[in-house]
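Following the hints, put chain B in place on chain A, whose structure we already have.
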Amino acid sequence: MNLSLLILLPAITAIILLLLPKPSQVRIVSLISAVLQLGLAFFLFFSFTRLRAAGDNAKMLFEQNYAWFPSWHINFHTGVDGISVAMILLTSFVVVAGMLVSWNITKMTKEFYFLLVLLSLGAYGFFISLDLFILFFFLEIAVIPKYLLIGVWGSGRKEYAANKLALMLMGGSALVLVGILGLYFATDARSFDIMELATLSITPALQKVIFPLLFIGFGVFAGLFPFHTWVPDGHASAPTAGSMFLAGISMKLGGYGCLRVATFLLPEGAREYANIIIVLSAIAVLYGAFATMMQKDLKYINAYSSVSHCGFVLLGIGMLTKTAIAGAVMQMVSHGVMTALFFAVIGMIYERTHTRQVDEMGGLLKVTPFITTVFFIVGFCSLGLPGLSGFVAEMTVFVGSWEHTDTFHRVATIAAVMSIVVTAVYILRAIGKTVLGPLKVGFSNLTDAKWNEKAAAILLVAAILAIGLAPFWLNNLVAPAAEVIMQKIAPVAAAVK
Amino acid sequence: MMNQHILLPMHLLQALPAVSAFGWLPALIPLLPFAGFVLLGLFGRKYLQSISGWLGTMLLLAAAGIGYYTAYEYFFVLGKTNGVYQAIEIFKLTWLEFSPGFSIDMGIVLDPISVMMIVVVTTVSLLVHIYSLGYMKGEPRFATYYSFLGLFTFAMLGLVLSTNIFQMYIFWELVGISSFLLIGFYYDKPSAVAASKKAFIVTRFADLGFLIGILVLSFYAKSFDFATLIHQLTTPETATMQSAIAASFLGGSALTWGLVLVFVGGAGKSAMFPLHVWLPDAMEGPTPVSALIHAATMVVAGVFLVARLFPVFNVSPPAMDLVMFVGAFSAIFAAIIACTQTDIKRVLAYSTMSQIGFMMFALGCFGFTASMFHLFTHALFKALLFLAAGAVIHVVHSNEMKDMGGLRKKMPITHLTFLIACLAISGIWPFAGFFSKEGILLAAHEHNTLIYWVGIVTSALTAFYMFRLYFKIFWQKEWNGHTDDAHGEGGFSMMLPLLLLAAGAAAAGFIPFGKLVSADGKPLEEVFHWQFALLPLGVAVLGIAFAFLLYKKQNDRPAKMAAALNGFYVAAKRKFYIDELYSFITTKIIFNLVGKAAAWFDKNVVNGLVDATGSSTQFISEKVRGIQSGKVQQYAVYFLVGALFLAALFIYGWR
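Here the protein sequences line up with chains A and B, keeping their order.
Under numbering that gives the first Met the number 0, the residue at position 442 of the first sequence is numbered 441, and the numbers go up by one with no gaps.
Under numbering that gives the first Met the number 0, the residue at position 424 of the second sequence is numbered 423, and the numbers go up by one with no gaps.
Simulated from the structure, these hints should not be mistaken for lab results.
All C-beta atoms, glycine included, are put in the ideal place defined by N, C-alpha and C.
Each hint should be verified, as a subset may be incorrect.
[As the list claims (entries may be wrong)] A few chain A residues that face chain B, going by a derived Cβ cut-off under 10 Å, partial list only:
no. : residue
1   : Asn162
2   : His227
3   : Asp232
4   : Thr322
Looking at chain A on its own, in the form it has when it is part of the complex (with noise of 0.2 Å):
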């Protein structure tokens, strides 16, 4: 397949919203290409896995490789391993569904529109990249956007959440960009090519000096403890679709960047952070959960989660094997898609009760059986029960930790361990406040989902019961993939297993 149409489609739609006159017609474009991109990610899926089980094993699939600016010797070099292709597909899922979810904005539809696409496009990009130059332009193109989405289309403190959110997202960008120029001028090869620079044998030296950059650079993306204060807030302000997108697609740019470029490409320097990582993700776990456990307002408990939850992301990275790696990848998606879900139904909620704070609402069920279900399905997923996607992705993180057996290793994975506890009843008392008791007065008029919530939230609900079902074709696209990087990581150990 050739993966530039996963940028084209995005880049032509966007010109064509420009042109469209009508709110209406625009919507029905935007959901049309955002249908198209979901069947694109479909395509790539069967042609990767068919290509992988046909005895495909080159690391990269579907290469492209143009000179760009041949002087600095930029390429517009592009291709997928099992990690993207799931990226891929984990962000064409959150697409349509802020499409849809979005139906009913009418404060200047097209431009909202557009920058949904214009996100897309720069996930897309960012996925797909193996330039570090351009993976960093598509990474620039992904966050502007947030910024006018939640200064214009936010609400509450919208002004402050969008800059806090864009200075934070940008001084992560910096650094990443001073890393990238770092990796470019302090090694002989003068490239920016991934492939390239993962043949090098970069000194440890420099890698020691250039991985914290890359790794708290994307980390910031990522919610890396103590870099993570832009979620809450920027969450919280965020428009639903600008929440769906920000929690389900840009914070997994973070975690993909921190995996791909630092991680990949600077294995010294991620065995000499490693136990830093653990630590600060560790606590993000823990303490995302218990501040997520005094939140009142239904998006920052969300928010807070989310801290929580991409925790075990990074603390899969940071135990650095094949397992726990394979976990924290397939936590990206599993949250994503979750988290996109929950934002999805918080929007529902607000959108018919005017009020996020759980203490305001109560007996939900009785009025709105659908939504009510889903948000039962969003929440289980997040404390991790079986058969949904939350519990696959956090028991491999927790395996593949395990395999460490030194006490370091073996208090952060049972310090992980015991969010699920601080996770359940910080979900079951969410689920208790707003849905379950006694109606409230006053919400005995509230209509359920109309068709397309319900379409947004039936996709997500399958994509989380797919993976929550069937685990295995998440694993099988994702492990192999992490057994590449941790071959990098460790050569000596891959080799005698």
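Chain B in isolation, oriented as in the chain A frame:
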């Protein structure tokens, strides 16, 4: 390498070994209730409301039918090789593979205890399905109720049939969530919501132990598969075993710690002290649910778990002793509380905890068969007690003993069946409980004298509190009959399960259980000592006589008793303040100390630093540039300049 890229489940099915002599049929036992859950869950409310009860019941009937057939085939036709019952894997799918040979599988294994559990679960579930046809009539969420029952039955069957310890954990969580959904079924009652939350969170806390225990055990055994795991951890020659015993932590071997942690999970599910607090509250659920989940099946999952890993527990005496002491203490602790409670369902809940304590300490005393036998008989008579109590509550519209009395004439069938169940649980010959409890006390007698005497005292208490309940419901005063008499005892659908269970509670003791279920699969020779049975029988009769004196007629003796026991009575009535202790720990410490601190720290310290950075940047920019724009583009420029500066450093400074 090739196989790793195969993605479709079709390939997995082809990769299966040849199926056993049972064919695929036993797979239908859990799958039929699951089909009921999916069908009724998706379409029940809108399209199948009127037939949902019958649909669920019919599916369960079919599952039970296949279950009985499988049990017959297993115990009498196919199960034995050379006189020893074998564990037969019906099928096994690789669900999630971490590395070759180290995977979570989904499968079905038949062995004596799993087959016994098929019979228990399908029987009680079927009877509860039938009973609910009458009991839940008129409930607006009838279809949802049956859908949840289907989910629970599926999960419970999946749990007992697991081939893999992680598979068991998966279904373990699923029974937990179905229990949560059913306890909170009357969701507009805040007490029901609170109880369902409590049940899930307490058991989740225990599951933490289970999960870490799995990680510990499987780390040494290099497998999650029960057969491999047990083999690896019980064969002293293997290096696995040596390293698991050699590695020690706080004075215990890794093996012991793994087992203890797994047992914590089992203790949570089985409501053992001190993780029992959720069980009495769980009585907020509909009464048939209490009969199914919180009496007969789910709460014995912990016993089943220990039984499943029995060979491994055998090689770790400290873990075995823990099981024994926790079981025995729970047994007597719960029995004392049961004597003081006034809500009939709570009495039964504490009684359940006490009886599960018997099963646990039986395992701890190496009484494998006795424990399983008691699990089996207890399922029958305790389900019966709950269903009969449900019939009473249905008429009286109250759970409190003070609203009852003299119901024997109004409810003759309920009265008779309840009496049978009381005799059975008290251990009166020839009812079922007599035989299973004898086995347990015999095992305790051979193993540990203290535990034996705890068992004897608890037996007396059991007889006392059960007959206190019996006399208070059916005797004591004349029924004043102010409820509508048209209600009667409930229809055929409610009486049939009572009669069938009563027959079971009366006669199940004569099943030659030792011939079917034993720790090593070899049939046991039945030994029965009349001399030995006299003491337990004697104390049970004593307990009944005591209850007769105190509660047959209204009098002031119970009040005098309570006054004489004074502080102890009050403490027991208040459940020894365990709930208050927990509530102190959770709200005062976890919420107020840890949770609030984390939230405050995040809002003020971490976030404050970020804001401070922002404002100080502004401040500096004001000083430096004299212009304060606050525009993001400008900051972006700073970042770019900074980045280029650092890049220049790398270029010229690094080399």
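Tested hints:
Using the Cβ-Cβ criterion of 10 Å, the hint placing asparagine 162/A at the interface with chain B is satisfied: the shortest such distance is roughly 7 Å. The beta carbon of histidine 227/A comes within 8 Å of a beta carbon in chain B, closer than 10 Å, and the hint placing it at the interface holds. At about 8 Å, the closest approach between the beta carbon of aspartate 232/A and any beta carbon in chain B falls short of 10 Å, and the interface hint on this residue holds. The restraint placing threonine 322/A at the interface with chain B holds, with a minimum CB-CB distance near 5 Å, inside the 10 Å limit.
Hint check: no violations occur; every hint is consistent with the structure.
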